[in-house]
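Participant: Could you put the whole structure together from the sequences, leaning on the hints where they help?
From first to last, the protein sequence lines are chains A and B.
The first sequence lines up with residues 3 to 121 when you count with the working numbering.
The second sequence lines up with residues 5 to 116 when you count with the working numbering.
Careful: at least some of the hints might be erroneous.
Claimed, not checked - Heads up, simulated DSS-like pairs for lysine-lysine below, C-alpha to C-alpha not over 27 Å straight-line:
{"hint": "1", "chain 1": "A", "residue 1": "K13", "chain 2": "A", "residue 2": "K73"}
{"hint": "2", "chain 1": "B", "residue 1": "K75", "chain 2": "B", "residue 2": "K103"}
{"hint": "3", "chain 1": "A", "residue 1": "K16", "chain 2": "A", "residue 2": "K59"}
{"hint": "4", "chain 1": "A", "residue 1": "K59", "chain 2": "A", "residue 2": "K73"}
{"hint": "5", "chain 1": "B", "residue 1": "K61", "chain 2": "A", "residue 2": "K73"}
{"hint": "6", "chain 1": "A", "residue 1": "K59", "chain 2": "B", "residue 2": "K103"}
What the hints assert, rightly or not - Beta-carbon label-pair distances, calculated as ranges:
{"hint": "7", "chain 1": "A", "residue 1": "I28", "chain 2": "B", "residue 2": "T44", "range": "21 to 31 Å"}
{"hint": "8", "chain 1": "A", "residue 1": "Q82", "chain 2": "B", "residue 2": "G20", "range": "46 to 56 Å"}
{"hint": "9", "chain 1": "B", "residue 1": "L86", "chain 2": "A", "residue 2": "G18", "range": "39 to 49 Å"}
{"hint": "10", "chain 1": "A", "residue 1": "N20", "chain 2": "B", "residue 2": "L86", "range": "22 to 32 Å"}
{"hint": "11", "chain 1": "B", "residue 1": "A83", "chain 2": "A", "residue 2": "T15", "range": "21 to 31 Å"}
{"hint": "12", "chain 1": "B", "residue 1": "A116", "chain 2": "A", "residue 2": "R61", "range": "28 to 38 Å"}
{"hint": "13", "chain 1": "B", "residue 1": "L86", "chain 2": "A", "residue 2": "E58", "range": "38 to 48 Å"}
{"hint": "14", "chain 1": "B", "residue 1": "S57", "chain 2": "A", "residue 2": "E58", "range": "20 to 30 Å"}
Claimed, not checked - Where chain B lies over chain A, by a calculated footprint (3+ residues, C-beta under 8 Å):
{"hint": "15", "stretch": "16-27"}
{"hint": "16", "stretch": "65-76"}
{"hint": "17", "stretch": "108-118"}
For the record, the hints were derived by calculation from the structure and aren't laboratory data.
Predicted model only: the values in this text are computed from it and were never measured.
Beta carbons are placed, not taken as given, at the ideal position from N, Cα and C, and that holds for glycine.
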Amino acid sequence: DTGVSQDPRHKITKRGQNVTFRCDPISEHNRLYWYRQTLGQGPEFLTYFQNEAQLEKSRLLSDRFSAERPKGSFSTLEIQRTEQGDSAMYLCASSSSRDGLLNSNQPQHFGDGTRLSIL
Amino acid sequence: KNQVEQSPQSLIILEGKNCTLQCNYTVSPFSNLRWYKQDTGRGPVSLTIMTFSENTKSNGRYTATLDADTKQSSLHITASQLSDSASYICVVSARNDYKLSFGAGTTVTVRA
Chain A
3 DTGVSQDPRH KITKRGQNVT FRCDPISEHN RLYWYRQTLG QGPEFLTYFQ NEAQLEKSRL
63 LSDRFSAERP KGSFSTLEIQ RTEQGDSAMY LCASSSSRDG LLNSNQPQHF GDGTRLSIL
Chain B
5 KNQVEQSPQS LIILEGKNCT LQCNYTVSPF SNLRWYKQDT GRGPVSLTIM TFSENTKSNG
65 RYTATLDADT KQSSLHITAS QLSDSASYIC VVSARNDYKL SFGAGTTVTV RA
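Facilitator: So, in structure tokens, the structure goes:
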């Protein structure tokens with residue numbers, strides 16, 4: 003399978019604990035995105051990487067959230083001191099920008115997400 | 005206010021029937037519009053993408069239309085199947101911006 007892979011698929015943890023999610027994008031994709039999705043809503047943008055550089059962070063990404071993409075390949079999203087409001091599906095997507103355009107017509111390919119439940 | 009509005013929020017149709025989903029957007033300047041299908045518990049999967057100059061695009065039993073003047077798009081599902089039960093999300097890109105604007109989705113339930 004050469005799609006976007008996310009791990010774990012489900013995470014249940016107690017409030018106050020730290021959690022870390024991993025995303026492995028499609029290998030030739032240089033762009034990687036993190037989104038959060040709650041029930042009945044579309045995904046909300048969290049952050050964006052081009053290669054290893056984190057180019058933008060949404061205001062939704064409080065200081066308890068941190069994302070990395072150290073070698074420009076896989077990425078991790080860490081949430082510290084989790085709160086009940088953090089319960090959501092966390093989606094990762096990747097795309098290619100070989101055409102050099104800031105906005106590429108290449109679609110973003112999504113993983114199946116990590117569903118986080120805070121008890 | 006969300007820049008992408010979808011309607012209806014949900015609908016139920018009988019297997020074999022057709023249905024049409026609507027998407028209105030205010031994203032500007034417009035670059036492209038995508039429809040994604042999201043099965044329960046899965047990530048969204050791209051169905052179609054249309055740029056400013058394209059009016060219609062098909063992917064099997066899915067046909068998307070775009071009216072860039074009125075900033076409206078529709079997704080038509082022909083001869084629905086049980087596997088079409090999913091959320092359909094309209095996603096719009098602005099020129100010179102990598103961020104996407106997502107609608108809240110339309111949940112389609114196909115019943116036998």
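Participant: If a hint holds in the structure, say so; if it does not, say that too.
Facilitator: Verification of the hints:
no.: 1; hint: K13(A) <-> K73(A); in the structure: 25 Å, holds
no.: 2; hint: K75(B) <-> K103(B); in the structure: 18 Å, holds
no.: 3; hint: K16(A) <-> K59(A); in the structure: 26 Å, holds
no.: 4; hint: K59(A) <-> K73(A); in the structure: 19 Å, holds
no.: 5; hint: K61(B) <-> K73(A); in the structure: 38 Å, violated
no.: 6; hint: K59(A) <-> K103(B); in the structure: 11 Å, holds
no.: 7; hint: I28(A) <-> T44(B): 21 to 31 Å; in the structure: 23 Å, holds
no.: 8; hint: Q82(A) <-> G20(B): 46 to 56 Å; in the structure: 51 Å, holds
no.: 9; hint: L86(B) <-> G18(A): 39 to 49 Å; in the structure: 42 Å, holds
no.: 10; hint: N20(A) <-> L86(B): 22 to 32 Å; in the structure: 41 Å, violated
no.: 11; hint: A83(B) <-> T15(A): 21 to 31 Å; in the structure: 44 Å, violated
no.: 12; hint: A116(B) <-> R61(A): 28 to 38 Å; in the structure: 45 Å, violated
no.: 13; hint: L86(B) <-> E58(A): 38 to 48 Å; in the structure: 40 Å, holds
no.: 14; hint: S57(B) <-> E58(A): 20 to 30 Å; in the structure: 29 Å, holds
no.: 15; hint: 16-27; in the structure: violated (count 0)
no.: 16; hint: 65-76; in the structure: violated (count 0)
no.: 17; hint: 108-118; in the structure: holds (count 8)
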